[in-house]
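Asker: Each chain, written out:
There are 2 protein chains.
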Amino acid sequence: MKEITVAASPNIALIKYWGKRDAKLNLPNNSSISITLSGNLNTITSVSFPGNINVDTLIIDGEKQDWHGSNQKINYMKEILQEMKKIAGISDNVLIESKNSFPSSAGLASSASGAAALVFALAKSFELDLSSKDLSILARRISGSACRSLFGGFVVWHKGIKEDGLDSFAEQIADESYWPEIRDVIALVNPSRKKISSSEGHERTAKTSSLYPNRPAFAESAAIKLIDAIKARDFNSLAEITMRDSNNMHATMLDSWPPIIYLEGASIEIIKGIHSLNEAHGKNIAAYTFDAGPNAHIITLDRHLSEIKGMLNEIEGIKDILVASPGKAPYELAKPI
Amino acid sequence: MKEITVAASPNIALIKYWGKRDAKLNLPNNSSISITLSGNLNTITSVSFPGNINVDTLIIDGEKQDWHGSNQKINYMKEILQEMKKIAGISDNVLIESKNSFPSSAGLASSASGAAALVFALAKSFELDLSSKDLSILARRISGSACRSLFGGFVVWHKGIKEDGLDSFAEQIADESYWPEIRDVIALVNPSRKKISSSEGHERTAKTSSLYPNRPAFAESAAIKLIDAIKARDFNSLAEITMRDSNNMHATMLDSWPPIIYLEGASIEIIKGIHSLNEAHGKNIAAYTFDAGPNAHIITLDRHLSEIKGMLNEIEGIKDILVASPGKAPYELAKPI
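Which chain is which? The protein sequence lines are H and B, in order.
63 is the number of the first residue of the first sequence in the numbering used here; add one for each residue after it.
63 is the number of the first residue of the second sequence in the numbering used here; add one for each residue after it.
Any given hint could turn out to be false.
It does not matter which identical chain is used: a pair holds within one copy or between any two.
[To be verified] Simulated pairs of lysine-lysine, DSBU-like, Cα-Cα distance not exceeding 30 Å:
{"id": "1", "residue 1": "K86", "residue 2": "K390"}
{"id": "2", "residue 1": "K345", "residue 2": "K269"}
{"id": "3", "residue 1": "K381", "residue 2": "K257"}
{"id": "4", "residue 1": "K186", "residue 2": "K126"}
{"id": "5", "residue 1": "K257", "residue 2": "K345"}
{"id": "6", "residue 1": "K334", "residue 2": "K224"}
{"id": "7", "residue 1": "K147", "residue 2": "K82"}
{"id": "8", "residue 1": "K135", "residue 2": "K334"}
{"id": "9", "residue 1": "K186", "residue 2": "K147"}
In case anyone wonders, no lab produced these hints; they're calculated from the structure.
Remember, predicted model here, so these are calculated numbers, not experimental data.
This is chain H alone, in the form it adopts within the complex (with noise of 0.2 Å):
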């Protein structure tokens, strides 16, 4: 056992994670394909044993988290950080502490990252001889889409068919220099957190809406779809795959009841941008992706970047923009924080 600081980045999915067959496990209906992102967006955790306090102790963006809270996720990281101490054989009382470099209110999933990061630094410093696919069975249990960020690059997350899930794992497509050019344009449209936890949302969709069933078989043909335009380099059927199945969550979504409503007015001026540029190219050079808020992600190559900027400064309601490229997977950092 040993003091470690390491960093995870957050993931965007092009095909979504949207309806459990478990709840509990996090065992998605769909497999799902994501993009890890960097560009100065990452969580640090680091993971040290000070000897002076008597219990665990969880320490996130400087505040230090109940493990006997209401809040499930911190529920199941003790539920991990309790099985990786044993498999180690480690008692001594563990500190780990860990930060955004993004703020959570900016819609992105610090779930994600904040669970990858943790479970990498477990195994780290308790020196456990774990796959990365070992570790992303670890970090889903901990949040769904979180064991996609255990890989750089092109990710999927196979949804497994086991009700105990050991096959429902992240594996790499493609790395994170494989096709550098694609940037992750971010147009953060209301950084206020959204009303309807992911969790909820998940479930309200399964349960209410009509629609839903459908959309389990559509995702799992688009994730192929999409397997091979990313091995193909085939930016126009990426993109298209990635619209598509953005939309149709967010319709299976509308369909729950109460409906679930996440996009805003600028999300949809954002959608028209979209379609108006690549109708212009006759080809599609951009994609528009919304996980469960209002910010877009916005999905080209680094050299329609001003075009797409352009094309965002004309909307209202716009709150900054970021712009991340595809980034790695979770490394150890030289200095603890």
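With the hints as your guide, set chain B onto chain H.
Answerer: Coordinates of chain B only, in the frame set by chain H:
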């Protein structure tokens, strides 16, 4: 045969018509239900035989229509006119003049009241012994939803199963005096013409949305529940069924490719405003419903009008507000226009 002037009203669908099993005959994939609307909203159509014209002539809002142009609805009107002349044994040239009391740009379906007024006026003028049900079948061929405007109050359009469409007609559920407190508050968000016509939208959704195959059964079952709610004057249920059906239709539109997005920022704010009002009341006092456009129809009861208007006043981007009540079937006017 005689000169005549009639009036017919538009209708707002609570269970929507979206997707056709026969595009030529306007045969729908599901039954639909509407309220015929009064309140200075109508089409006034006169039929005469001036003798000094050498072809049948159709003038809509002062503009002479081209029987041989690309406007499909005009082509269907010509077909219906010729069939009805043949049945009546009339060879004189007919002059039809039609005026809408509401701007067609208001996002209201003037094609529904227009087609209903046309077939009603021709039948009266030609002294044909056709029932409202017969006329609804003729109006349907011009514009699907027009068949519902042949009746007042609450109206169901049975989808039918026959290939010739003779069992796809409208029928009254309850007349305009049955539930007189009902109001439709129309919030005009964007009065410009829609970019994607309804006909194109129907076809694109049915062809490209992977979620659409679940809609017809959903709507059919919703129609049955709505008839029960109307019969019980159960506004709370009527409102939920109405909102869910509108959301369900717009979800399949969003899932189409390219996506069909009629809702705008202000439309979404209205949706959220109605849900907030209903939550505050602990029951549904209002329901939103959107046709193929961004303008909201808010179904409510007269005693809630000021509260609804207060909510709408808080939303930016609403150009005008109209209020309609349950209206009556087409009727003869004493004088020509």
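Asker: Each hint should be assessed against the structure and marked as holding or not.
Answerer: Right, here's what the structure says about each hint:
no., hint, result
1, K86 x K390, "within (28 Å within a copy, 56 Å between copies)"
2, K345 x K269, "between (37 Å within a copy, 21 Å between copies)"
3, K381 x K257, "both (19 Å within a copy, 29 Å between copies)"
4, K186 x K126, "within (23 Å within a copy, 81 Å between copies)"
5, K257 x K345, "between (36 Å within a copy, 21 Å between copies)"
6, K334 x K224, "neither (41 Å within a copy, 40 Å between copies)"
7, K147 x K82, "within (28 Å within a copy, 61 Å between copies)"
8, K135 x K334, "between (36 Å within a copy, 29 Å between copies)"
9, K186 x K147, "within (12 Å within a copy, 88 Å between copies)"
This entry does not satisfy hint 6, going by the numbered hints stated previously; all others are met.
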